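*Asks:* Whenever a hint applies, use it, and build me the whole structure from the sequences.
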Amino acid sequence: MKELIEIVGEENFTDTLEELVPYSYDASVNVQRPNSVVWPESTEQVSQIVAFANEQKIPVVPRGAGTSLSGGVIAINGGIIIDLSRMNRILEISIEDRYALVQAGVVCDDLNGKLAKYGFTFPPDPASSSVATIGGNVGSNAGGIKGAKYGTTRDYVMGLQVVLPTGEVMNTGSRTMKCVSGYDLTKLFVGSEGTLGVITEVTLKINPIPRHAMTAVAAYGRLEDAGKAISQTMSSGITPSVMEILDKITLKSIKENTDIDLPDAEIMILTETDGYTREEVEAQMEVVLRILKENNPSLIKTAQDEKERVELWNARKSAYATLARISTSFVLDDVTVPISRIRELLVGIQEIAQRHGLVVATYGHAGDGNLHPQILYDAYDAEQVEKMERVEGDLFRLAISLKGTLTGEHGIGLSKADYMTLEHDPVEMDLMQRIKRTLDPNNIMNPGKMSL
Amino acid sequence: MTERLQFYEEWREAIIQCSRCGFCRAVCPIFDVSKRALANARGKMILLKEAMEGELPVTDGVAQALMRCTTCMNCTVSCPSGVEPDKVIKAARREMVTIGYDNLFKAMGEVVEKYGNIYGEEQRHEWRHKQGKAPYVLFMGCVGAYREEESVAETIRLLDLLGVDFTTIDEVCCSGVLEDVGYKVKEALAQHNVREIRKTGAETLIATCPYCYRVFIEHPSYKDLGLEVKHITQFLAEVPLQVKTEKRVTYHDPCDLGRHSGIYEEPREIIRKIAPTFVEPERTRENAMCCGSGGGFRGTFPRDSLKIARNRLDRIIEETGAEILLTECPSCLHNFRNAKLRRQKIGIYNITEFIAQLYQEGASVGKQAAEG
Ligand SMILES: Cc1cc2nc3c(=O)[nH]c(=O)nc-3n(C[C@H](O)[C@H](O)[C@H](O)COP(=O)(O)OP(=O)(O)OC[C@H]3O[C@@H](n4cnc5c(N)ncnc54)[C@H](O)[C@@H]3O)c2cc1C
Ligand code: SF4
Ligand code: SF4
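Chains as they are written, first to last, in my numbering: chain A, 1 to 452; chain B, 1 to 372.
No lab work stands behind these hints: they were computed from the structure.
Some hints could be false.
[Stated by the list, open to error] Here are the computed lysine to aspartate or glutamate pairs in the DMTMM-like style, where the Cα-Cα straight-line distance is at most 20 Å:
hint, chain 1, residue 1, chain 2, residue 2
1, B, K35, A, E11
2, A, K114, B, E187
3, B, K340, B, D304
4, A, K114, B, D314
5, B, K35, A, D378
6, A, K114, B, E318
7, B, K49, A, D378
8, B, K35, A, D109
9, B, K114, B, D160
10, B, K307, A, E41
[As the list claims (entries may be wrong)] Computed footprint of chain A on chain B, listed as stretches where at least three residues anywhere in the stretch have a Cβ under 8 Å from a Cβ of chain A:
hint, segment
11, 16-30
12, 80-86
13, 196-204
Treat the numbers as computed from the prediction; the structure is a model and nothing was measured.
The beta-carbon is built from N, C-alpha and C at its ideal position, and this holds for glycine as well.
*Replies:* Have a look at this one:
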């Protein structure tokens, strides 16, 4: 690997076992040892690494923070991990033209910290934003709690600099709010999970931060009622910035394991409206509250001040951590369905959980139909591992049968690769294969992901 | 067959509880300067998981990797899965030593036993302070007494100025740091300290070093001290102070004082009394970034330790624009002073030292006024 050392320098290369071990994992259950790791510091270096790998037909895996929940950064065929964490410079912030130009390794929250000083933000806010990189956000088209109103990463990527699998450097997109010049190659790379090239720079559209927000929660004894409340709100002409749900199992776990006070309910909704004036926010919330009330809630609370707002958010914010603490292992999925099918999804998830005898707690973004069933199990118990896999399979089939998708934001990676054909017909699969082969004839770029 | 680490059930559970979310990347001081996955808690939990499962052979490389931790608890307070990596890592270091992977602190243990301090210094600074009986007894600790003598001298001067009736003892290293790096407190040293402290008849032991403070409070070898133990900030918070500064002042929470001991308020109470323009760094209190010196890290990786201190110092300066950085820990003080570049104009002091100097300035101003 002396060629790699020549490119990045001794201190930015490793192939020692202890250092490779952490790079064999991400936040999913997948594991595989890479052969080496490099920490490039420039696009030029990335280009040289990839050109070398292509020549030698060695797989390369672009990696940001490695928070992938789908095995997206696992070097399934070994090879070189390209860790972009050191390419973490914010190159330009233009408030006037409303964009930020960053290197791929910039951490999402670091960018937002800088933008906040100007009253601006990059709105997709994955729960992992304290560590996830912009490159990873683009690679997996990350979304977050405010997806229904503000969209996902895709809606903010104006342009990219990409090192193609041949080592060539390509610049796509523009600095303009509108652009229909040629094929939209930028979007082809968004959500491509590192299979088409290494993203080195990203131009992002930025939004002003809304000045006001109002928060409310409602609890329901019947899923039907909550389902109706959600659908009616989302079709009322008002788009709440937040429309989150927590199911019964999640509520029970939080209640039993923290001192957060929660109602006994089948489901709880947390919602928020936001905007630039107090009046606007209140007027929107009035509509939302009316709909929530019309559907037989067992409880409704609104926050009067920041302290109460934080309290209402408490349960939602602690869902993941609580479930992570009470179980040895878990798988966090992100199936997504049309909003009108959320109730069926929730009922179906519980049927599946009971059928296989595992606990599945579900919470997530009802406003865009993206739910997070968290499957609790013990990775050291072979029987439970098998059950977990069966639960996942049934879950994916359920989502597709409801006209939904396997993944709303975490990506296919390795975990869902076998299920691609559930969602995509042979013609579409074939075109994806052909695109991949055209760009990456030697299949060196993050092979095996998305079954490509 | 590969050798496996044989963890107690408690540690095994903690290790597999790590969900590999990677959130500790955001807070780990070592990761922040290296960006290498092995540096943060997730990397080390994965390493231990494989060592425990027998997937990874236990080698010197593993032992070295485990030394890459300042035990600062930054990850512990932000881990959603409730893992306490600092505790796991300390336990793993003990395990490594037990199965024969000694580290450089073995030699330090011998030095401490022979010389009574971690540096193997034969001569101790002459503080010219009274020894014998008094209501208070002051314990300085090795880093202060042998590396930041002037700061300690100022602390002593302040206590004198404030009319505190205290004594010092012929102290030896509390040897607590050995517990962090795989070894044990040196019983003979502990008993020497306990004996000397008891001889003073004091009711309160004032520790200037937050680490010594913790050892006196937490370690069973010191259970017979038979007096109240206070960190010097706890003591000083209750004392009225007659000096003020107009300078812009900020404060760095030492890991051992903050996250490890829960002492956040007292230092701030003192600072608010003397500095009306007190500004907090962005990462402060529970989230205060470590200075890079703890857990045997400075001893093992001096260059990286300095890099971390420089990183923290740069950020503090950028975020606060402060002219004065205060802390109350000889290790933090020492690391920051070493890290400071000449072009950085910030003054770095222990709180007690800074206040002593304010008294001094006040006295000279008063004298000038009287003369003028
Ligand atoms: C606790 C937790 C909560 C999460 N919450 C959310 C959430 O709310 N919303 C959400 O969308 N996701 C969430 N995720 C998933 C994950 O954090 C996001 O997908 C995030 O965007 C990944 O960023 P990363 O830097 O960690 O990327 P990585 O995990 O390193 O990589 C992700 C994918 O992108 C590719 N990639 C990374 N960098 C580049 C690059 N420079 N060029 C080309 N390809 C690249 C990788 O090859 C991989 O396929 C969560 C994860 C965890 C552990
Ligand atoms: S924050 Fe905790 S659970 Fe997450 S990777 Fe770090 S140690 Fe593991
Ligand atoms: S205790 Fe501190 S140095 Fe050690 S892994 Fe955690 S954050 Fe990093």
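*Asks:* Are there hints from earlier that the structure breaks, and if so, what are their numbers?
*Replies:* Of the numbered hints given earlier, those the structure breaks are 2, 5, 9 and 13, listed in rising order.
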